[in-house]
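From first to last, the protein sequence lines stand for chains A and B.
Residue numbering for the first sequence follows our numbering, beginning at 1 and increasing consecutively.
Residue numbering for the second sequence follows our numbering, beginning at 1 and increasing consecutively.
Treat the hints with care, as some may be off.
[To be verified] Derived, one-sided and incomplete: chain A residues facing chain B with beta-carbon distance under 8 Å:
hint	residue
1	I7
2	I41
3	R47
4	R63
5	S69
6	G144
7	V147
8	C353
Hints were generated in silico from the structure; no laboratory data involved.
The C-beta atom is built at its ideal place from N, Cα and C for all residues, glycine as well.
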Amino acid sequence: MSGRTIIPFGPQHPVLPEPIHLDLVVEDEKVIEAIPRIGFIHRGLERLVEKKDFIDFVYVAERICGICSFIHGMTYCLAVEEVMKIEVPARAQYLRIVWSELSRIHSHLLWLGLTADAFGFESLFMQSWRLRELILDIIEETTGGRVIFGSAKVGGVRRDISAEKMQEIVKKLRSYQKEMDDIGKVFLGDLTVQHRLRGVGVLSTASAKALGAVGPMLRASGVSSDIRMMGYSSYGTLDFAPIVEQDADCYARCKVRIRELDQSVGLIESAASKMIDGPIDVKVTGTPNGEFFARSEQPRGEVIYYAKGNGTKFLQRMRVRTPTFANITPLLETLKGCQLADVPVIVLTIDPCISCAER
Amino acid sequence: MGALSKSPWIIHYDGSSCNGCDIEVLAALMPRFDLERFGVINTGNPKHADILLLTGSINEQNKSVVKNIYDQMPHPKVVVAVGICATSGGIFRECYNVQGGADKVVPVDFYVPGCAVRPEALIDAAVAAVALLDKKRDAMKAGKA
Ligand code: SF4
Chain A
1 MSGRTIIPFG PQHPVLPEPI HLDLVVEDEK VIEAIPRIGF IHRGLERLVE
51 KKDFIDFVYV AERICGICSF IHGMTYCLAV EEVMKIEVPA RAQYLRIVWS
101 ELSRIHSHLL WLGLTADAFG FESLFMQSWR LRELILDIIE ETTGGRVIFG
151 SAKVGGVRRD ISAEKMQEIV KKLRSYQKEM DDIGKVFLGD LTVQHRLRGV
201 GVLSTASAKA LGAVGPMLRA SGVSSDIRMM GYSSYGTLDF APIVEQDADC
251 YARCKVRIRE LDQSVGLIES AASKMIDGPI DVKVTGTPNG EFFARSEQPR
301 GEVIYYAKGN GTKFLQRMRV RTPTFANITP LLETLKGCQL ADVPVIVLTI
351 DPCISCAER
Chain B
1 MGALSKSPWI IHYDGSSCNG CDIEVLAALM PRFDLERFGV INTGNPKHAD
51 ILLLTGSINE QNKSVVKNIY DQMPHPKVVV AVGICATSGG IFRECYNVQG
101 GADKVVPVDF YVPGCAVRPE ALIDAAVAAV ALLDKKRDAM KAGKA
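Build out the structure end to end from the sequences listed, making use of the hints.
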């Protein structure tokens with residue numbers, strides 16, 4: 001029998017922490033097409049710039065997404081600072097790197113856990129999240145919050161990390177690295193895990209480029225692209241290279257993220273060694289007049305902030321293009337022809353952050 | 001204490017939150033905070049659930065979904081609004097697509113403050129919800145509800 005059936009997936013689904021709806025057109029067990037419906041979490045916060053002034057809006061930007069909240073806040077600040085020609089002190093730039101990379105580590109660990117859950121490896125799920133709590137401890141010690149940091153601001157950062165604290169953090173991260181390796185070994189070496197990930201959801205290099213994939217999704221398809229290489233916020237002074245894998249399947253995406261954990265620890269360490277004493281913010285005077293596109297690399301890929309000021313304290317227009325939104329089209333492509341049982345794993349390998357995508 | 005309050009099952013739905021509260025809900029179920037020690041189990045099926053955890057605010061799109069999940073849950077049931085978004089709309093209150101807190105569509109029993117909520121606060125809410133479940137069940141038995 002080869003009749004076509006439509007199976008609804010979501011918006012409320014056990015593997016999805018957030019609502020997205022896919023209509024899966026299936027023939028037997030094979031997915032022919034996936035038709036998305038989004039908009040369940042749309043809040044319309046871009047328009048909020050008309051009601052909150054450009055300084056206050058940092059808090060809203062941080063709450064576009066609770067997972068990469070700091071990077072959202074920071075990128076918004078980058079855009080506004082460029083418009084207002086504000087020079088951010090070096091120390092603040094390195095502190096931004098530290099918090100950005102801590103976000104990346106906690107986000108990747110969170111993703112590893114959710115993926116383990118999607119292929120039914122419950123204890124691995126728990127282990128990844130246990131490790132993530134240790135990272136959250138560092139974040140809480142330095143910012144006061146667990147998921148929303150509240151430490152980015154226009155003109156710098158809000159809090160400082162002392163030199164001793166910084167050393168302690170690096171030491172802690174080094175010791176957690178061994179545990180991350182242990183988890184990584186299971187993800188990459190375990191036979192059953194490989195069965196679920198290898199050869200599943202392949203996205204060729206050509207279609208990754210054509211469909212505009214970003215972040216680990218793009219890098220796992222063999223494209224060397226990482227916005228951090230553009231050198232915003234002093235990333236240019238650190239020595240690193242994008243992490244690229246060639247296999248283009250779920251396994252490769254997993255591997256990219258596991259290798260990025262190591263990379264982030266390294267980046268924090270070198271940022272710590274470069275930090276010099278000095279102010280952490282500059283006084284902001286005047287109002288933004290002009291426009292700018294700021295780009296940065298989130299755990300999920302490139303985020304773009306567009307800010308346009310007209311000389312008042314309210315921005316005229318603000319626009320965000322988030323990584324998940326860019327990755328939805330490639331996702332639909334990878335879903336074509338897969339087995340129904342693989343859908344949760346494939347959906348998760350783009351690391352969907354729906355609240356970002358819909359804002 | 002009945003079977004219900006010894007092992008209440010929860011279902012979590014994300015209205016239009018920023019994700020911050022959702023990951024804290026999950027974190028509360030993880031080894032560090034371990035809500036499971038109170039017998040709490042996370043389920044994806046509304047028909048199995050006793051406690052509905054709602055994060056995020058209500059908008060035109062998710063109204064019917066939230067209502068649907070609530071209606072499918074068996075009695076007695078308890079609704080917990082998690083985070084300031086689910087309480088009142090929070091920071092997004094003035095957005096054009098946000099209509100307000102969870103109580104716009106379903107009756108809410110507990111409001112858990114915080115942006116994002118802390119897992120400790122969620123544990124408090126779970127313990128309070130269990131007591132209320134017992135109360136509601138007794139009322140049902142006595143034929144009052
Ligand atoms: S209460 Fe705060 S952290 Fe929670 S969903 Fe709303 S904005 Fe996000």
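Check your understanding: Can you give the numbers of the hints that this structure goes against, from lowest to highest?
Key -> Failing hints, ascending: 1 and 6.
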